[in-house]
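Heads up: the protein sequence lines correspond to chains A and B, in order.
Residues in the first sequence are numbered from 438 upward in steps of one, following the working numbering.
Residues in the second sequence are numbered from 25 upward in steps of one, following the working numbering.
Simulated from the structure, these hints should not be mistaken for laboratory data.
Fair warning: this is a prediction, and the values are worked out from it, not measured in the lab.
It is possible that part of the hints are untrue.
Within a straight-line C-alpha distance of at most 25 Å, the following computed PhoX-like cross-link-like pairs (lysine-lysine) qualify [stated by the list, open to error]:
| no. | chain 1 | residue 1 | chain 2 | residue 2 |
| --- | --- | --- | --- | --- |
| 1 | A | Lys538 | A | Lys500 |
| 2 | A | Lys516 | A | Lys443 |
| 3 | B | Lys94 | B | Lys49 |
| 4 | A | Lys444 | B | Lys26 |
| 5 | B | Lys122 | B | Lys94 |
| 6 | A | Lys443 | B | Lys94 |
Short, incomplete list of chain A residues facing chain B, as computed with Cβ under 7 Å [stated by the list, open to error]:
| no. | residue |
| --- | --- |
| 7 | Lys443 |
| 8 | Val465 |
| 9 | Ile468 |
| 10 | Gly469 |
| 11 | Asn501 |
| 12 | Phe502 |
| 13 | Glu565 |
| 14 | Val569 |
Listed next, with one range per pair, are the computed distances between beta-carbon atoms [as the list claims (entries may be wrong)]:
| no. | chain 1 | residue 1 | chain 2 | residue 2 | range |
| --- | --- | --- | --- | --- | --- |
| 15 | B | Gln37 | A | Gly528 | 55 to 65 Å |
| 16 | B | His83 | A | Ser556 | 20 to 30 Å |
| 17 | B | Gln145 | A | Glu565 | 14 to 24 Å |
| 18 | B | Ser43 | A | Asp475 | 23 to 33 Å |
| 19 | B | Gly135 | A | Ala452 | 25 to 35 Å |
| 20 | B | Asp154 | A | Asp550 | 29 to 39 Å |
| 21 | A | Gly528 | B | Lys54 | 25 to 35 Å |
Here a beta-carbon is modelled for each residue, glycine too, at the ideal position from N, C-alpha and C.
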Amino acid sequence: MSEAIKKFLYLNRRAPYGTIYAWESLEVVLIGAAFDQDVSLAFLDDGVYQIVKGQDTAAIEMKNFSPTYAALGDYDVTKLYVEKESLEERGLTIDDLMDLKWEDEDEDWAEKDSIKVVSRFELARIMEGQDVVFSF
Amino acid sequence: MKFAIQINEGPYQHQASDSAYLFTKTALEKGHEIFRVFFYHDGVNNGTRLTTPPQDDRHVVNRWAELGEKYDLDLVVCVAAAQRRGIVDDGEAERNGKDATNIHPRFRISGLGQLVEAAIQSERLMVFGD
Numbered sequence: 438m439s440e441a442i443k444k445f446l447y448l449n450r451r452a453p454y455g456t457i458y459a460w461e462s463l464e465v466v467l468i469g470a471a472f473d474q475d476v477s478l479a480f481l482d483d484g485v486y487q488i489v490k491g492q493d494t495a496a497i498e499m500k501n502f503s504p505t506y507a508a509l510g511d512y513d514v515t516k517l518y519v520e521k522e523s524l525e526e527r528g529l530t531i532d533d534l535m536d537l538k539w540e541d542e543d544e545d546w547a548e549k550d551s552i553k554v555v556s557r558f559e560l561a562r563i564m565e566g567q568d569v570v571f572s573f
Numbered sequence: 025m026k027f028a029i030q031i032n033e034g035p036y037q038h039q040a041s042d043s044a045y046l047f048t049k050t051a052l053e054k055g056h057e058i059f060r061v062f063f064y065h066d067g068v069n070n071g072t073r074l075t076t077p078p079q080d081d082r083h084v085v086n087r088w089a090e091l092g093e094k095y096d097l098d099l100v101v102c103v104a105a106a107q108r109r110g111i112v113d114d115g116e117a118e119r120n121g122k123d124a125t126n127i128h129p130r131f132r133i134s135g136l137g138q139l140v141e142a143a144i145q146s147e148r149l150m151v152f153g154d
């Protein structure tokens, strides 16, 4: 097989707690970052709750893994698509999400936003353009 | 075509492993290649040799193992997911001080890099689960 870089998309569709899918998806993303592929993440359906800011899991005695998302930029994972309709259906806006940034070494380490809100239509187009889609 | 298979759900509770098995078996019979079958999340429970279903039901673990034997399949159980759920081989038992193992000998435990590599090396990644 060719060693060309592939386009990887991780689909995050579930709430962060209640099931382990979100956390174990993030584990794949972190390991996968070492393979130098073209990686994007998408958050849709209840998956948008994964990157809501101010998460506090003390009362449910679960590990709060949400700070890990802020480290994604250091792993060169800089494209986080959030589906607009999924936010709206849940009464959320981008202001409810964590302010996730990455530093662009090609522009003197300028801080840039990792999160991009896209429509359901645009997300379908993004999915269509991928080589590999991991669905969690 | 060269496929990678990912299974995200455990046996019996969920049909994902059955669907993946039937897909894999049919693909192989039609001459396609299966680069690797990777068991993740509760899917790691498909790799325990201690499974004992009723006699009149399919044996999900054994039939994966038999298919693996017939086609020399690489059946990989994710180590991080396995540790959480108590799926243990000799190496894991020694590392973590466990007094038993339960992995089926036709399966092996390895890292998530094996899943990513399979996705890179294959033409299609098929994910089975909800």
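Quick rundown of the hints versus the structure:
1. Lys538/A to Lys500/A: Holds: lysine 538/A and lysine 500/A sit about 23 Å apart, inside 25 Å.
2. Lys516/A to Lys443/A: holds, 15 Å
3. Lys94/B to Lys49/B: holds, 10 Å
4. Lys444/A to Lys26/B: holds, 17 Å
5. Lys122/B to Lys94/B: With a Cα-Cα distance of about 32 Å, the restraint between lysine 122/B and lysine 94/B is violated, given a limit of 25 Å.
6. Lys443/A to Lys94/B: Violated, at roughly 31 Å.
7. Lys443: holds, 6 Å
8. Val465: Constraint on valine 465/A satisfied, holds at 5 Å.
9. Ile468: Status holds, d = 4 Å.
10. Gly469: holds, 4 Å
11. Asn501: violated, 17 Å
12. Phe502: violated, 13 Å
13. Glu565: violated, 15 Å
14. Val569: holds, 5 Å
15. Gln37/B to Gly528/A: 55 to 65 Å: violated, 33 Å
16. His83/B to Ser556/A: 20 to 30 Å: violated, 47 Å
17. Gln145/B to Glu565/A: 14 to 24 Å: holds, 22 Å
18. Ser43/B to Asp475/A: 23 to 33 Å: For serine 43/B and aspartate 475/A the Cβ distance comes to about 29 Å; the hint holds.
19. Gly135/B to Ala452/A: 25 to 35 Å: Cβ of glycine 135/B to Cβ of alanine 452/A: about 27 Å, so the range 25 to 35 Å holds.
20. Asp154/B to Asp550/A: 29 to 39 Å: holds, 31 Å
21. Gly528/A to Lys54/B: 25 to 35 Å: violated, 48 Å
Violated hints for the displayed structure, listed by number in ascending order: 5, 6, 11, 12, 13, 15, 16, 21.
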